[in-house]
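A.B. asks: Chains as they are written, first to last, in this note's numbering: chain A, 13 to 205; chain B, 2 to 326; chain C, -14 to 648; chain D, 123 to 411; chain E, 341 to 500.
Derived by calculation from the structure, the hints in this document are not laboratory data.
Hints are supplied without guarantee of correctness; some may be wrong.
Below, a list of computed lysine-lysine pairs in the BS3-like style, where the Cα atoms sit at most 30 Å apart [to be verified]: (1) A:Lys107 / D:Lys289; (2) D:Lys226 / E:Lys470; (3) D:Lys326 / A:Lys128; (4) C:Lys32 / E:Lys458; (5) C:Lys247 / C:Lys334; (6) E:Lys458 / B:Lys289; (7) D:Lys366 / A:Lys165; (8) D:Lys146 / C:Lys465; (9) D:Lys269 / C:Lys460; (10) D:Lys226 / A:Lys175; (11) D:Lys326 / A:Lys165; (12) E:Lys432 / C:Lys101; (13) C:Lys(-9) / C:Lys121; (14) A:Lys188 / D:Lys366.
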Amino acid sequence: MAQELPNKSVIYERQLDVNFADLMQSMPGGENLRRCIQCGTCSATCPFSHVMDYTPRKIIYLIREGFKEEVMSSFTPWLCASCFSCRVRCPKEIKITDLMYLIKREAIKNNHYPPKTPIVSLTKESVKMIHKNGRISEGYLMGIVLLKVSFLKLLRMSGLGLKMLLTGRFPLIPEKIKRHGELKKILAFSNKK
Amino acid sequence: MSSKPKVAFYWCASCGGCEEAVVDLAEDILEVVKLVDIVFWPVAMDFKKRDVEALPDKSINIAFINGAIRTSEQEEIAYLLREKSQLIIAFGSCACFGGIPALANLYSKFEVLNDVYIESPTVDNAAKFLPQTTSIDNNGKQIELPEFYSQVRALDEIISVDYYLPGCAPTPKLIANTINMLLGDNLPTAGSTLLPDIALCEECPRKDSKPTDLSITEYKRICENLVDPEKCLLAQGFLCMGPITRSGCEALCIKGNMPCTGCLGPTSRVVDFGAKAVSMFASLSSGKNEEEIEKNYAQVMDPVGTFYRYHLSKSLLRGKLERGI
Amino acid sequence: MSTNNKEIRIGFYICHCGTNIAGVVDVDKIREFIAKKDNVVVSRNYKYMCSDPGQELIQKDIQEHRLNRIVVASCSPLLHEKTFRNTLEKAGLNPFYLQMVNVREHVAWVHSDNEKATEKAKALCNAAINRVRYNKPLEKKRVPFHQDVLIIGGGIAGIHSALILASAGKKVYLVEKKPTIGGHMAMFDKTFPTLDCAACILTPKMSAIKENKNVVLWTNSEVIKVEGYVGNFKVTIKRNPRYVREDLCIGCGQCIESCSYKEAKYPDEFNLGLSKRKPIYIPFPQAIPNSAIIDDKTCIHFKMGKCKQMCLSACERNAIDFNQKEELREIQVGAIIVATGFKIYDPQKEPEYGYGVYPNVYTSLEVERLINASGPTAGEVILRDGTKPKSIGIIHCIGSRSEKANKWCSRVCCMYSLKLAYLLKKHTHAEIYNFYIDMRTPGKMYEEFYDRLLMERVHFIRGKVAEVTDISLVKEEEGKLILRVEDTLASVIRRIPVDMVVLSVGLEPSEDTQKLAHILNIGLSAEGFFQERHPKLAPVSTFSEGIFIAGCCQGPKDIPDTVAQAGASAAEAMAMIDAGYFEIEPITAHVLDEFCSGCKSCINICPYSAISYDESKKKVFVNETLCKGCGTCSATCPSGVMKQNLFEDDQILNEIEGLLVYE
Amino acid sequence: MKYFYYPGCSLRGMGKAYEESWLKVCQKIGIHLEEIEDWNCCGSTTYLGFDEIKSLVLVSRNLAMLEKEGGSEVITPCIACYYLFNRTNHNLRDYPQLKTETNKMLQEVGLTYSGNVKVRHPLDVLVNDGWMEKISQNIEKRLERFKAVCYYGCQLLRPYCEFDNPKNPKNMDILVSLTGVDVLDYPLKTKCCGAIITSNIPEKGLELVYVLLKEARKRKADFIVVTCPLCQFNLEFQQEKIMKVYEEDVGLPILYYTQVLGLAMGISLKELGITRCLTLTPEFERSLI
Amino acid sequence: MSEQNWEPKIIAFFCNWCTYTAADLAGVSKLSYAPNVKIIRVMCSGRVDPQFVLYAFANGADGVLIGGCHPGDCHYSEGNYKTLRRISLLKKMLTQFGIEDDRMRLEWISGAEGEKVKTVINEMTENIRKLGPLNIPEKFITWDRELEKRNRGSEYKLRV
C-alpha cells in the first residue's frame, strides 16, 4: 500500500519542482506552509495517517522541498476525512486540511492523481450533480461512484441500497432546485475567467 | 509751520471708546494740545484724506491708530499714515490684538453682514440689500465704496507698528504717561508694549488674599453669583484673567469688583493668550477624572469668547477655520 | 529671541548604525539637506557615531570649525545621549549644546518604506537643528546615590545577587513573596549536566543569606509601590502576616505536631500537592527562614474563630501571634534588582495530554519532587496508586514552540528531560521514551550528557505525541496510557503504551510580571518577560535607570546562565552605588524673578512642593533640589516666567515648527 | 420566534429522520423556521477539492438570498453545511480578493453577499437562545431508564466552533440530559468516525467506528446520540461488518439528539423517523415505547 | 499640495518615562507603523502647554497626539492629570475653532506597551486620514488673499 520514494536512485535537483512550494504557499490556506517544524503532531492526531502512503507531516515536507510528483500521486489527500484534527492541533497554525484541498484541486485541474481512487470519482460526480441539479442526492451519487469504481462492489453494496430505499433514505426522484439556470449562470461566469 | 511735534489720531474698527479716552484726559488734554500740533483727527476736527496725502512722508511725528482693520478703507488709511508718520502707535486693544471686533472671526463675512443688515430685529430691509463695493451717487456717478473684509485684523497685520498701547480703553493715566514718554528723549525699544512686562496680580489689591493651594471645583459666572469684594476673584471661582494679563491699569476692574477680562493682553513671553489661559485655568481645576473635569468646565460656556475676548486676531489660529466667505 | 549673541555654528552628524539606520534612511540625502541649513557649518554621516572614531570626529570638528552646537541623529537619546554629551564635554563644549535625533528606534526600525522613512528623518533632523539654536549651557547636577539595594525574588538569582552585594558591604533588602527563599531550584533533585544535588549547592547559599548581617530578608512580602528614580528609590513593601514570629521561632515543629488537625489535610505547595500539610507548617526542612507559618485560609482559628489553639501553648518560645497584621514598610534604596523567576506552563490548557484527567500524567516539576529524596515519596518513584512504573514516556515541548501556547523554545526542557530520563531510569529501571521535536543541547558538557543518555538505552523518538489516552486497541495496551505519535524518522505512526507520562512543560513569565512591570515602570518584551535594555550589550539593564533584571524573569534560562546574570546585575548595581552620586539632568525649573507677578498658580501644581511663595518679595521661587523637572509648572505659568531647563518654550516651539516646515 | 433555516441535501436524503425529528421538536417548543427559498447544495467538503471560488459561490448564493430577505442568522443542522457556511464567512473575511470575485459572480444574477450572516447550529440555538426551559416544559415521559453517550463528530467543532468548548463540548449532553437520559462520560465524543472515507473505502475506516462502538458499549450505553447525518449513517451501516471482522458484538442503535428530545416529548417513533433507523431492533423499538 | 499625495502630519508629545520609552520599545521590537507621527520628547505630559498644540496646528499639523503614563503611574505623581484637565478644556475650545475632536488625542501608554504605540499611531493616522487635511497655513494664505489683491500683502508671520 505505502508508496515509498524511489530509494534506489539518487534524486537530482532537476527532478524536483522548485516552484511547487511557492505555488502552494500563494494560495489561500497555504500561507503558513513553510513554518512547519516537522513535529508530527498532525500525523499523530490524524485518524487515517496510518493508512496513508505519506503522513501529512511528510506531505508538507515534500511540498516544501519540491517533490511535486510524489505529492500529486500520493493517496494522502484523498484519504483525508476533513476531520480537522490536525488543523486545530498544528502548533504553527498551518491549515493542513486546506492544504489537502489545494492538492486535490491541483490534481483534478491537471488530471494528475493516483489511479482508482474512489474519492476522485466521488468528487467529480458530486460536482457534476451539483452543477446539474443544484443539490446532491446521496443514493444516486453513491451508486454512480461505485459503478465507476467497481461493478462488483456495487453489487455487494446493493443490499444496503435497498435498505436505504426501504427506509426512505434514498429518495427515488433526485432533488433539483427551481432556478437552477441561475446557479448555472453564476458558475459559468467563473469559468469565463 | 509750527515746530511742535505733529500728531495724528485715527479711528478704525472700534467702538470709539479709545477716542473717548483721549477726550477723557479732561484738562490734561489742553496740556497735550499745547505741546503738539494735531494734523489729523477725523473724530474731532475736520480733516480730509487729501490733507494727509499732501503732507511730506514721515512728517507726522506720532500717529495713534485705534481700532482693528476690517475694511479696505481702514487698510488704506493705515498705509497712508504709515507713509507719513515716524511712529505708529497701536492704540487700544482692537488695534493691538483685534479686540472685541475680532470675535467676529468666528463667523463668515456673510454671516456678519446678514445678521447686521437683514436678521437683526430692528432692521427694516425687506429688499435684503447688503453693503456693496460700488454704488451710484445722487449725480448718477458710479462711486467706489470700501470693501468689508472677511477678517478682522490687528493693526500690525497690515503695517508695521512701533509701539503698542493696549487697553479697552487705555486708562487716562497710561495715555498721559505714553505721550510724555514719546515726547521725551528716551524712546523705548521699537516694537515694545508700553506697559510693564509683568502680570496684573503684581498690582492687584487682592493679591494677598489668594491662597497658595488654589484648586477650583467650579468655575462661576459673574452674572450669576455674588462677589466677595475683598477676596481674590480666582479663589472665588471667577475666571479672572489677571494672572495672564499685563499690569498697568492699576486693576481698575477688580477695584470695581469685576474680574479682569484681559484687555491689556499677555506678557511678552506668551505666544497665545487664550491657550495660556486654558492652560492655567485647567491646571487649577480639581477634577480627578474625565467626568469630574467635564463637570468643572460646565460653566465655561464660551471658551473662545472668554479666553480670547480681545485677542482673537492675534491668536495662533486667528479664527474659526471653516466659515465660508 | 536671544541665542547667546555669539555666532551659532552647528555640526550635524547622522549615524548609519551599520545598516540599522542606513539600510532604511538615505543618510546621504539627509546630510546634504541639513548642510544647506542656516548656521550649519559641518554636516556628516558616519558608520558608527557612538564608536571612538565617531566621537573623535565630532571632537575634532568642534575644535577645527569652532562648532558650538551639535546635533547627532542616531539612536534613542535614552541610550546614547550621555555618550555624546561626554563627547562635547571632552571637546570643551557645554554638553547641553547637544541635540539628539532618534532616527533608529523611531524611524529606521519601525518603517519599511525607505522614502517615507527618509522624509520623516528629514523632518526630525530639521527640527533638531531648529531647536539646538536655542539650547543653553547648563550645569550638571549630582545627587547622592543611596547605598542600599532592593532585590525582588528569593530564588537562586536573587540569592546570588544578594550575597555578592552583601559581601561587598552593601545593605540588601531581599523580598520574597513565598514564605521561604529558594525558588524553583530548591524543588529540584539533581541539576544537569553534572547531576550534583540541587539542595547540596543551594542550601548553603540560603543559610548564608540568613547569617549575613547585611541582608534584610523579608519573606511573605511583596513590593507594592516604587517611587523616585535611580539612586533614590522609595519603595513600599507589604509584609503579609506569618502569624509566627520569625525572631522567636526556631523551627522545632512542636506547634505543627500539636495542631488541632491530627492529619495533614491540605495540599503542600512545595510538593505541588503530591503530599499534604497542616494549616501550620514549615514549607520544607531547609526552608529559610526556618520558621513555621500559619495559612489563614485553612487554620480553624481564622476560619471559624474558635480553636483550642494548641499550637499556641505548644510553643515554648511564645512565637505564635494570631494578632499579626499585614504591615507596610517603606525603604530607600539606590538600585533595584528584579529576579522574580518564572512559572511553568499549565498543561491543562491542552487536555489532549490528559493532565488532570489521568492520574499518572505528571508535570516535569512534579517528577522532580517525586525523585527527590526529601520529596513526598522520599525519593521513591511510585505512581499515585503506589505501583512502580515499568515504562515512562517523556513528552518534550509541552507549551513551548507553539502559536497556541508559547511561541518560544523554553531552553531548559531538553536538558532537564534528559536528566529526568536518566534519573527515572536509575530509580525505576523502566523503559524510558523521550518524544522530542529537536534535541537542543547547547551548553558546556550538555551534548556530552545527551551522548551519555543515548548509551543508557533510553528511547529517543523524534515526533510530538498528539494524545495521551487510556482507550486500548490491543490487549497489551489495556490498563496503560497509550501515546500515539508519528515516529518521523521512521515515517510510521506508533502507539506506545506506558505507565507514566511526564510532560516537559515550558517556562513562562510568572504571574505578577505584568503587575511588577507596572510598579517598576520597566518594559515587557512581546512574550511577556521583562525587557532588557539591549539583548546583547545590556542584558541585565532595563530602560529604567537603576533597575536590573536577572534570571528567568528576563527569559527562560538554566541555572548557570541565571547565576551569571545575577552576578552581572549585582556588579552593575554596585558600580552605580560606588560612584557615590548620580548625575541628574539639569532639567529643573526656575523663575524669571523680575517678571513674576506672584499669581501663585504654579504652587499647587508642583507634585514635589518645590515651589513656594516668598511673602516678602511677593513672588514664587523654586527649590531646585526638590524639583524633579516635569515642567508642569512651566506649562501652567500664565505669564511665561517659569522656565524649565532644556525644555523651554522657544526650544519646543522651534522643534514643532522644524517638524512641519522645511524645504 | 422565527429563524431562517437551511436544511441541506443530507436532511432530504439519508438524514431524513434528522429533519423530521428536528422539525417536530421545533413545532412542539414554538420555534418557527423559514426555509431559505430555492436553496442549493453547499458543496460539502468534497467540492473543496474541486474549486475554491465556486465553493464559496455555492454557499454565498444561499446566504445572499437570505440577506436579501433581511435575515442575519441561519440555522444549519447538518454539520457539514455548518462548517462550509462558516468557512465561507471566514475566507471571505480573510481574503478580500476572494470576496470580490465571489460577489462578481453573484452579481450575474443580481445577488451580493456581505460575508456576515451568523451561522447557527441547533445545539447553539437550543441552549443559548433560552429554549431549554421550553423543552423541559414539553417533556411528557422522562427517559430515565436509558443510558447514552453523546457523540459530536468533527466539523461541528473543528475548526470553527464559537458556542461550545471544541475540546470538551457539552451542549448535546445538556440537552439530552433534559429528557432524563443518563448521559455517560465519553472521551471519544470529539473523535472522527471517518465517515467520508469509510463509506467509500470501507476497509480503511472500520477501526474508527469499532472503537467508538466498543467504548460506548463498555460504558453500558443503550444508544449513541449524534448530531451529524453522515456519522449516523456511518455508525449504523458499518455495524454488521465490524461485528464480523472483530468477532465482537458492539452493535448499538444510533439516534439523533432531536429524536431523543422528541421521544421524551411523546412524539411517535414514526414521526421522529426512528423507524428509518437501520439498527432498530424490535427489542429496542419496544423499549422506546 | 495635491489631495492625492496628502499624508497626515501628526505631531506627538511623548513623556520621557512611559510613552517615549514605549516608542523606543516598539523600535527595539521592530514593530512597523505609519510614518506620519513625529515625536517630540518632553519629560512629562504635564509639560505640554496648549500653546504647543495650537502652534503645531497653526504650522500645518493635521493632528496632535499626546502620550503620558497611565493615571496613577505618572513618574511625577500626577502630571498626567494636569494634562487631562488641560486637554479637556482645550478640546472644548478647539471645537469652537472648528477643529474636530479626533485631531487631538490623549493616550496613556506605559513603558511596557510598545504594541500600543503602534496601534495608537496607526489608528490616529487613519482617523486623521479620514478627516482629511487641516492645513491651516494654506487657509491663512487664502484669507489674506483679499489683501494681496491690493498688492499690499502683509508680512504677517507667526511670532515666537
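A.B. asks: Against each hint, give a clear statement of whether it holds in the structure.
C.D. replies: Outcome of the hint check:
1. A:Lys107 / D:Lys289: holds (18 Å)
2. D:Lys226 / E:Lys470: holds (27 Å)
3. D:Lys326 / A:Lys128: holds (15 Å)
4. C:Lys32 / E:Lys458: holds (28 Å)
5. C:Lys247 / C:Lys334: violated (36 Å)
6. E:Lys458 / B:Lys289: holds (28 Å)
7. D:Lys366 / A:Lys165: holds (18 Å)
8. D:Lys146 / C:Lys465: violated (45 Å)
9. D:Lys269 / C:Lys460: holds (27 Å)
10. D:Lys226 / A:Lys175: Cα-Cα ~44 Å, so violated.
11. D:Lys326 / A:Lys165: holds (15 Å)
12. E:Lys432 / C:Lys101: violated (34 Å)
13. C:Lys(-9) / C:Lys121: Satisfied, since the Cα-Cα distance of roughly 12 Å is no more than 30 Å.
14. A:Lys188 / D:Lys366: Judged against 30 Å, a Cα distance of about 39 Å means the pair is violated.
Hint compliance for this structure: hints 5, 8, 10, 12 and 14 are broken, all remaining hints hold.
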